[in-house]
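S.K.: Position one of the sequence shown corresponds to residue 1 (full-length UniProt numbering), numbered consecutively onward.
In short, the hints are calculated from the structure, not lab data. All figures in this text were calculated on a predicted structure; none of them were measured in a lab. Take every hint as true, because none was put in to throw you off.
Quick list of the computed label-pair ranges, beta carbon to beta carbon:
| # | residue 1 | residue 2 | range |
| --- | --- | --- | --- |
| 1 | H166 | N132 | 18 to 24 Å |
| 2 | N132 | P206 | 49 to 55 Å |
| 3 | P206 | T143 | 57 to 63 Å |
| 4 | N244 | L356 | 51 to 57 Å |
| 5 | F344 | L184 | 27 to 33 Å |
| 6 | R161 | L307 | 43 to 49 Å |
| 7 | G151 | T203 | 55 to 61 Å |
| 8 | R161 | F344 | 33 to 39 Å |
| 9 | T203 | P242 | 50 to 56 Å |
| 10 | T311 | I178 | 31 to 37 Å |
| 11 | L361 | L184 | 24 to 30 Å |
| 12 | S153 | K201 | 57 to 63 Å |
As a list, the in silico DSBU-like pairs of lysine-lysine whose alpha-carbon atoms are at most 35 Å apart:
| # | residue 1 | residue 2 |
| --- | --- | --- |
| 13 | K201 | K211 |
| 14 | K201 | K295 |
| 15 | K201 | K359 |
| 16 | K295 | K359 |
Every residue, glycine too, gets a C-beta built ideally from N, C-alpha and C.
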Amino acid sequence: MQLSTYPPLPASQLDETLAHCQDYAQLLKFQQAYFQQYIMLLMFLQPSHQQLTSAEMLTTADLFETSMPMEHPFSLSVFIFTSDAAFTTAPTSMKKPETLEQSSYCLQQQQLSSATSPWGQMSFWGATVITNLLSAVPYVGNTLVQWIWGGFSVDNATLTRFFAFHFLFPFIIAAATIIHLLFLHETGSNNPIGLNSNVDKITFHPYFSYKDLLGFAAMLIALILLSLFSPNLLGDPDNFTPANPLVTPPHIKPEWYFLFAYAILRSIPNKLGGVLALLASILVLMLVPILHTSKQRTLTFRPISQLLFWTLVADVAVLTWIGGMPVEDPYIIIGQIASFLYFFLFLVIMPLTGWLEDKILFK
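Produce the entire structure from the sequences given, and follow the hints as far as they go.
M.R.: Shown next as structure tokens:
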């Protein structure tokens, strides 16, 4: 009697203990959809003072052209949300071999947020505020701001340059994504228990491919429903008014994915200090692999680190809420406390906690 033999598993294998919420293949699908929508919008929108009008005309043309301007911000928001959700798994895999992989992912996150809006009131004043931050650079700040503006204020030349940058960023994001995947294949992905599981692998298809299709279909249905039934959900009311340099909105705020950094910027009274804190709030993410002091790659067996992780999530949520509030008490003091806690957790508490947990577990 001859025993039946089974062919070896193909190269595309995944850890059987990998949770589906840690598999973000649908993220790449939304990135592709975002790029396709962007290319289609390039065929209709023009970088001029009439950009808001041309966007409104698209929403009244026909069903296909109507969905494009509305799905574009929703796709960007879904892309950023899923990217942030993927990055929340980083604390379970932060060790020094993964520094390049995680740093490239942070670079992708930063490039992702460089989007321009139609020429509305909030877009105009938001661009004015953000570009004015460069004036904090000693000696050459004002010259640098005027060079970016292409004049003495945000105008058509500024919009054209932002449009050109916005055209280039998708290709930079695609390149950063490829680099991220190369580093990921070099170091390998992690699993929830943080142990080597080369003997416990399953094929990607059909075990994960069908689940990916299900997750992608659910997000796609949600995207279509939001675009068709609530197209202005993510739009600021002031941004439906044409840009007017003579009227300042009562409360200028960025998109939701920038609110936490904007709250940190506002928590520093000094302009240069606020700009440095804004940059540090993003760059500190690249230091996480270096500051990882634990011998374990996962938080599963580290209850104190789990508590700190969810404290960080709550702190970022508070900063996001504060960023959308006016600059007045008690929001000012709450934002300053949350900003201090944000950096204190990353730079002090988490490294000390990893060292302390190793002393307890491996004594």
